[in-house]
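Kindly generate the complete structure, drawing on both the sequences and the hints.
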Amino acid sequence: MKFAMIFLVLTLVVLLAEPGECFFKRIKAAWKGARQAWKDYKYNRNMQKMNQGYGQQGGNPNPPPEQSVEEPPPYMR
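Counted the way UniProt numbering counts, the sequence shown spans residues 1 to 77.
Derived from the structure by calculation, the hints contain no laboratory data.
It is possible that some hints are incorrect.
Said to hold, decoys possible - Simulated crosslink set (DSSO-like; lysine-lysine; CA at most 27 Å straight-line): (1) K25 with K42; (2) K49 with K25; (3) K39 with K49; (4) K42 with K28; (5) K39 with K28; (6) K42 with K32; (7) K25 with K39.
As the list claims (entries may be wrong) - Cβ pair distances, simulated, as ranges: (8) E71 with K32: 56 to 66 Å; (9) P74 with N46: 48 to 58 Å; (10) N46 with M76: 57 to 67 Å; (11) E70 with G33: 51 to 61 Å; (12) W31 with F3: 21 to 31 Å; (13) N51 with K28: 29 to 39 Å; (14) M47 with M5: 49 to 59 Å; (15) G53 with K28: 45 to 55 Å; (16) F3 with G33: 32 to 42 Å; (17) W38 with E71: 51 to 61 Å; (18) Y41 with L12: 21 to 31 Å.
The C-beta atom is built at its ideal place from N, Cα and C for all residues, glycine as well.
Take a look at the structure:
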């Protein structure tokens with residue numbers, strides 16, 4: 001009997017709630033934020049693993065200084 005009473009009361013609460021009092025939107029937004037944070041964490045973790053495994057790609061991080069090249073004289077008419 002207690003179960004039936006709790007069911008009826010909760011049903012009335014849900015059915016009589018006004019549209020502006022939606023609690024589920026907050027839960028949905030929190031879930032989306034948590035899911036995005038988890039995806040970002042996994043992405044960054046994979047990037048760190050790749051950097052450790054492959055090293056830094058794209059050339060020498062400290063290239064030698066370029067040799068000076070003489071510039072031609074300016075154009076004169």
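Violations among the numbered hints: Those not satisfied are hints 2, 15 and 18.
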